[in-house]
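Using this note's numbering, you'd call the opening residue of the sequence shown number 247 and step up by one each time.
Where hints are given, some of them may not hold.
Taking lysine to any residue and the SDA-like style, the derived pairs with C-alpha atoms no more than 20 Å apart in a straight line are [unchecked claim]: (1) Lys-634 <-> Lys-607; (2) Lys-332 <-> Phe-273; (3) Lys-584 <-> His-608; (4) Lys-684 <-> Leu-459; (5) Lys-325 <-> Arg-371; (6) Lys-348 <-> Asn-282; (7) Lys-250 <-> Asn-263; (8) Lys-267 <-> Thr-421; (9) Lys-257 <-> Gly-324; (10) Lys-267 <-> Arg-248; (11) Lys-530 <-> Arg-277; (12) Lys-610 <-> Lys-661; (13) Lys-584 <-> Lys-634; (14) Lys-540 <-> His-357; (15) Lys-252 <-> Arg-371; (16) Lys-512 <-> Glu-552; (17) Lys-356 <-> Lys-634; (18) Lys-607 <-> Asn-546; (19) Lys-305 <-> Arg-277; (20) Lys-267 <-> Leu-349; (21) Lys-584 <-> Glu-599; (22) Lys-623 <-> Lys-684; (23) Lys-584 <-> Asn-546; (24) Lys-667 <-> Ala-723; (25) Lys-325 <-> Asn-373; (26) Lys-288 <-> Val-688; (27) Lys-539 <-> Ser-577; (28) Lys-332 <-> Asn-316; (29) Lys-267 <-> Met-247; (30) Lys-607 <-> Asp-632; (31) Lys-586 <-> Lys-661; (32) Lys-250 <-> Lys-356; (33) Lys-332 <-> Glu-395; (34) Lys-332 <-> Leu-319; (35) Lys-445 <-> Thr-421; (36) Lys-582 <-> Glu-552; (37) Lys-623 <-> Lys-582.
Ranges of calculated distance between the beta carbons of each label pair, as one might list FRET restraints [as the list claims (entries may be wrong)]: (38) Lys-539 <-> Asn-560: 26 to 32 Å; (39) Pro-425 <-> Asp-341: 49 to 55 Å; (40) Ala-433 <-> Lys-610: 37 to 43 Å.
Worth flagging that the hints you see were computed from the coordinates, not collected in a lab. Glycine residues also receive a C-beta, built at the ideal position from the N, C-alpha and C atoms.
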Amino acid sequence: MRTKIKALLSKPEIGHNVTVKGWVRSFRNDRFIAINDGSTIKNIQAVIDFEQSDEQLLKRITIGASVAVNGELIASMGKGQSVEIKAESVTILGDADPEEVKLTILSPKKHSLEKLREEAHLRPRTNTFGAIFRIRHAMIFAVHRFFNERGFLNIHTPIITGSDAEGAGEMFRVTTLDPAAPPKNDAGEVDFKQDFFAKETNLTVSGQLEGELAALALSDIYTFGPTFRAENSNTSRHLAEFWMIEPEMAFYELADNMDLAEEFLKYLAGYALEHCADDLEFLKQRGIDEDSKKPQAERNEMDLMERLRFVIENDFQRVSYTEAIEILRNSKPNKKKKFKYLIEEWGADLQSEHERFLVEKHFKRPVILFDYPKNIKAFYMRQNEDGKTVGAMDVLFPGIGEIIGGSQREERHDKLLERIKEMDIHEEDLWWYLTTRKFGTVPHSGFGLGFERLMLFVTGMGNIRDVIPFPRTPGSAEF
247 MRTKIKALLS KPEIGHNVTV KGWVRSFRND RFIAINDGST IKNIQAVIDF EQSDEQLLKR
307 ITIGASVAVN GELIASMGKG QSVEIKAESV TILGDADPEE VKLTILSPKK HSLEKLREEA
367 HLRPRTNTFG AIFRIRHAMI FAVHRFFNER GFLNIHTPII TGSDAEGAGE MFRVTTLDPA
427 APPKNDAGEV DFKQDFFAKE TNLTVSGQLE GELAALALSD IYTFGPTFRA ENSNTSRHLA
487 EFWMIEPEMA FYELADNMDL AEEFLKYLAG YALEHCADDL EFLKQRGIDE DSKKPQAERN
547 EMDLMERLRF VIENDFQRVS YTEAIEILRN SKPNKKKKFK YLIEEWGADL QSEHERFLVE
607 KHFKRPVILF DYPKNIKAFY MRQNEDGKTV GAMDVLFPGI GEIIGGSQRE ERHDKLLERI
667 KEMDIHEEDL WWYLTTRKFG TVPHSGFGLG FERLMLFVTG MGNIRDVIPF PRTPGSAEF
């Protein structure tokens with residue numbers, strides 16, 4: 247029976263015969279094999295009697311090769327390990343040519359993150375990405391556990407849809423029509439009535455609108471699925487394909503929404519600290535090493551563990567957009583023109599540099615901004631009585647800025663219809679959404695958490711392409 251290395255190290259049974267299977271990380275002195283099977287960042291060392299071993303077998307124990315090792319688990323005198331395996335048999339499951347390994351990221355030399363992205367099929371074998379993807383799994387599980395414990399229902403919303411939830415128009419079109427010669431109607435336009443769905447369709451940018459329909463029958467629901475944005479942004483913060491967590495709650499007003507968002511984020515940070523300690527410790531040290539190469543002004547004031555505890559231990563500061571604008575307008579970075587985007591008047595759309603200033607410099611705690619100008623927010627957000635603002639909220643974190651965006655939804659049919667018309671959205675495309683406001687409408691709220699944005703925070707990585715297994719970005723859809 248194979249034993250995973252994580253299980254072997256967590257409850258070592260000295261003197262027992264064990265079998266491990268994994269990939270060779272190093273082989274020293276024809277004697278010491280470091281093996282990793284992906285269950286933990288830690289390796290197990292197997293010690294072989296090279297004098298009694300077949301010479302051809304020893305040549306095949308190379309970095310990257312897969313092996314099965316059977317032997318007795320014994321106490322280890324080696325540094326950094328409590329146990330090792332006294333190997334009785336070693337079987338090569340899959341060879342790895344040393345000359346070919348040298349040309350890949352499996353070679354032991356240090357590789358740039360850009361190089362690792364180019365070999366995304368191999369990067370889970372590295373310590374950094376093994377840690378990231380184990381944490382990613384833990385966070386997926388934690389999300390589902392959080393909502394399940396609170397009686398939420400998980401709803402699958404469409405991936406192919408005819409609506410643009412954000413109204414931004416940056417969507418990937420889904421069609422079976424011949425791109426070289428699509429059928430045309432009498433007006434000379436593409437005749438989508440002949441398409442598979444008999445209308446224009448696209449990949450979803452959000453499951454929110456459909457999620458609202460479910461919440462207005464089931465009370466508390468959440469979606470967790472892939473979303474797509476055809477936004478030509480080649481930055482460290484954008485992906486064309488990413489995952490979104492979107493809870494929607496009937497009978498929730500804006501304050502209730504903020505309460506849930508704070509509770510949710512504290513829960514996730516706590517779960518990571520409790521269940522991902524080894525991987526977080528590795529990534530923390532990696533972050534410290536990376537920071538040491540940067541100018542002092544660009545370094546993180548807190549290490550990775552401190553940032554996670556910062557979220558858990560501090561109540562989130564709740565500040566209106568109007569108050570935040572005054573703070574930013576009168577701040578030293580703004581007055582001394584240190585901000586890239588200067589804050590000059592009410593109505594400005596805040597950038598990451600402004601959000602981080604509020605969190606890291608001014609309040610020194612996570613911040614929830616609320617009541618934004620309606621002109622910079624989506625059509626579905628509830629209009630406040632002042633006629634200028636909507637019941638929107640953003641949660642801001644250290645090192646990252648906005649991590650959650652949400653709002654109380656506009657439940658009044660007349661107000662919603664008025665806003666749709668103001669924004670030149672086709673009313674007929676949202677007939678089903680408007681209809682819910684005619685049959686027992688209620689106050690309701692929700693928010694969206696980009697899962698990869700969360701992963702940036704929890705792992706301390708600086709580029710969103712490094713927290714998803716196979717990033718989709720402009721000009722890149724490899725693998």
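The hints, checked one at a time:
1. Lys-634 <-> Lys-607: 29 Å, violated
2. Lys-332 <-> Phe-273: Holds, at roughly 15 Å.
3. Lys-584 <-> His-608: Holds, at about 15 Å.
4. Lys-684 <-> Leu-459: 12 Å, holds
5. Lys-325 <-> Arg-371: 23 Å, violated
6. Lys-348 <-> Asn-282: 19 Å, holds
7. Lys-250 <-> Asn-263: 14 Å, holds
8. Lys-267 <-> Thr-421: With Cα atoms ~46 Å apart, Lys-267 and Thr-421 exceed 20 Å; violated.
9. Lys-257 <-> Gly-324: Answer holds: Lys-257 to Gly-324 is near 18 Å, not above 20 Å.
10. Lys-267 <-> Arg-248: Distance ~7 Å between Lys-267 and Arg-248 Cα, so the pair holds.
11. Lys-530 <-> Arg-277: Roughly 32 Å separates the two Cα atoms, so the pair is violated.
12. Lys-610 <-> Lys-661: 38 Å, violated
13. Lys-584 <-> Lys-634: Roughly 29 Å separates the two Cα atoms, so the pair is violated.
14. Lys-540 <-> His-357: 18 Å, holds
15. Lys-252 <-> Arg-371: Between Lys-252 and Arg-371 the Cα gap is close to 16 Å, so the pair holds against 20 Å.
16. Lys-512 <-> Glu-552: Holds, at about 13 Å.
17. Lys-356 <-> Lys-634: 53 Å, violated
18. Lys-607 <-> Asn-546: 12 Å, holds
19. Lys-305 <-> Arg-277: 12 Å, holds
20. Lys-267 <-> Leu-349: Violated: Lys-267 and Leu-349 sit about 25 Å apart, past 20 Å.
21. Lys-584 <-> Glu-599: 10 Å, holds
22. Lys-623 <-> Lys-684: 24 Å, violated
23. Lys-584 <-> Asn-546: 18 Å, holds
24. Lys-667 <-> Ala-723: Answer violated: Lys-667 to Ala-723 is near 37 Å, above 20 Å.
25. Lys-325 <-> Asn-373: 19 Å, holds
26. Lys-288 <-> Val-688: With Cα atoms ~52 Å apart, Lys-288 and Val-688 exceed 20 Å; violated.
27. Lys-539 <-> Ser-577: Given pair Lys-539, Ser-577 is violated - Cα atoms ~29 Å apart, limit 20 Å.
28. Lys-332 <-> Asn-316: 8 Å, holds
29. Lys-267 <-> Met-247: Holds, because 10 Å separates the two Cα atoms, which is no more than 20 Å.
30. Lys-607 <-> Asp-632: Not satisfied, since the Cα-Cα distance of roughly 30 Å exceeds 20 Å.
31. Lys-586 <-> Lys-661: Violated - the C-alpha atoms of Lys-661 and Lys-586 are around 36 Å apart, more than 20 Å.
32. Lys-250 <-> Lys-356: 27 Å, violated
33. Lys-332 <-> Glu-395: Violated, at about 45 Å.
34. Lys-332 <-> Leu-319: This hinted pair holds, its Cα atoms lying about 6 Å apart.
35. Lys-445 <-> Thr-421: 9 Å, holds
36. Lys-582 <-> Glu-552: 30 Å, violated
37. Lys-623 <-> Lys-582: 29 Å, violated
38. Lys-539 <-> Asn-560: 26 to 32 Å: 29 Å, holds
39. Pro-425 <-> Asp-341: 49 to 55 Å: The hinted range 49 to 55 Å is violated for Pro-425 and Asp-341, with Cβ atoms some 44 Å apart.
40. Ala-433 <-> Lys-610: 37 to 43 Å: With a Cβ separation near 59 Å, Ala-433 and Lys-610 fall outside 37 to 43 Å, so the hint is violated.
Hints 1, 5, 8, 11, 12, 13, 17, 20, 22, 24, 26, 27, 30, 31, 32, 33, 36, 37, 39, 40 from the list above are not met by this structure, while the remaining hints are.
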